[in-house]
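Work out the full structure, taking the sequences as your base and the hints as a guide.
The listed protein sequences correspond, in order, to chains W and Y.
In terms of the numbering used here, the first sequence opens at residue 1 and continues consecutively.
In terms of the numbering used here, the second sequence opens at residue 1 and continues consecutively.
It is possible that part of the hints are untrue.
If you want the footprint, here are the derived chain Y segments under chain W, 3+ residues with CB under 8 Å [what the hints assert, rightly or not]: (1) 11-22; (2) 260-266; (3) 271-281.
To be clear, the hints were calculated from the coordinates, so they are not data collected in a lab.
Think of the CB as a built atom: it goes at the ideal place given N, C-alpha and C, for glycine as much as any other residue.
Number of protein chains: 2
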Amino acid sequence: MEFWFSELHTGNVKLSVRIEKQLFSGESEYQRIDVFDSEEFGKFISLDGEIVFSEKDEFIYDEMVTHVPMAVHPHVKNVLIIGGGDGGVAKELLQYKSIESIDVVETDRMFVDVCREYFPEVACALDDERVKIHYDDGLRFLRNKKGIYDLIINDSTDPFGHTEGLFTKEFYGSCYNALKDDGIMVYQHGSPFYDEDEAACRSMHRKAFRSFPISRVYQAHIPTCPSGYWLFGFASKKYHPIKDFKPKEWNGLKIETWYYTTHLHMGAFMLPKYVEDLLEEEEQ
Amino acid sequence: MEFWFSELHTGNVKLSVRIEKQLFSGESEYQRIDVFDSEEFGKFISLDGEIVFSEKDEFIYDEMVTHVPMAVHPHVKNVLIIGGGDGGVAKELLQYKSIESIDVVETDRMFVDVCREYFPEVACALDDERVKIHYDDGLRFLRNKKGIYDLIINDSTDPFGHTEGLFTKEFYGSCYNALKDDGIMVYQHGSPFYDEDEAACRSMHRKAFRSFPISRVYQAHIPTCPSGYWLFGFASKKYHPIKDFKPKEWNGLKIETWYYTTHLHMGAFMLPKYVEDLLEEEEQ
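Right, here's the structure in full:
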């Protein structure tokens, strides 16, 4: 049997994954949610037809948004994850004993329920006593928060649909206000390769660059992302991702990883020329 | 009209590109050759159904196999390219005035002819007076060559089919012999992500590691490669890709690039943990 899931990365390129079985399909108030089982990527979940994470490559994303800021900021206690209802980022963060509280703000309760049922080994992180889920809109949740977080991770998916508000100038401003004086914000920066993604990538950098004193971009290779290449933003009030990087301290924590190393941390900020150029153009 | 070219990256994952028009299709003595025009990748050429290069992303590959060794070896004069009948690597190399001769060994004359017709802006490099094309099998060409090249770039495609001989232990030994005492060999190391590619990647590292005193692996993001992630091998008799790296000298040459920078050179050797681990396992 030929049974394929296809995702259009642009109107002219698609990635297809051979499916063993569809495990779930449902329509929440916000989006269509599907869970599939596949030989190559194991189980994966898609929202409105776009892969959000797969068992085979979620470690790359979760490690890169977590360990990069954690190896820079010397004393993270309170973290906010916007989106992140699958629990993957929370799970990585829980490895740090120093972290006291993790707020997860997720709009879609059905997404969390589906993750709990089909990805319990990841979603179990949401049951930890340090984690609190808030079923709310990220922007609304942030509005009255002032100086309480050491780290904000924007784990929400795309600058379209119901998460659109999480990619506006107002959103970056709200995150800035919700962070302490030495806080760091990490966010998904999209893929810079295809022309249609490049515009979103430029716009995001422009907003973060104007909202934070320090704004750098780093990269990872994630096979299920458009063109297999993904960028992350590191926006910070005080700490620089390289100058304030503490590899010795981080290695002393003995945290187990599959993708991140303190060596890779440095390399992740060394971007191809075409990416450097497009970011610099938005800094003018 | 829905008109798609699809390439199976494994039996269970495929990348598809929307086609505007098929420009050429032919069967040579060695392989099937097709040229397509597409909105997303421009013109591209496939051999036996696998994309070899596209107008949109060939710069990444060509720059990474060329500038990494050229920024390490202090005086490259004679270069051998095995495969490379499209002229892309030769074109990058010709930017260096110090290079005196470039031998291109290509088995398939039809491949060269097709590239000359459909990709003249790249293939024109083959007409340079410093470049000489030899229509021969790479392994046979190498057999009696002793100590004549400063740099060998193995640009051949896959360890299967008619280029299979270029991935054997004998081949690495022949390259070693054909290099001068301070020569460097750069080769395609494949993609480490999918299980079926991982085995080939391990085997390649094992052979190079046993044949050369210095053997390191570096990476690039190439969208049309399996999982968008590609590795290169740097096998060397004397120069280490980081310890003997000469960024100041290279930057002084004012060579124009889109992907490579001396900053990225360093980062390209900083590999994800899972890749480091699999390479180290083959070094035992």
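Now for the hints, and whether the structure bears them out:
By the rule of at least three residues with a Cβ nearer than 8 Å to a Cβ of chain W, the coverage given for the region 11-22 of chain Y holds, with 8 such residues. Against chain W, the region 260-266 of chain Y contributes 5 residues with a C-beta closer than 8 Å to a partner C-beta. That satisfies the three-residue criterion, and the hint holds. Evaluation of the coverage hint for the region 271-281 of chain Y: fulfilled, as 5 residues show C-beta separations to chain W shorter than 8 Å, against a requirement of three.
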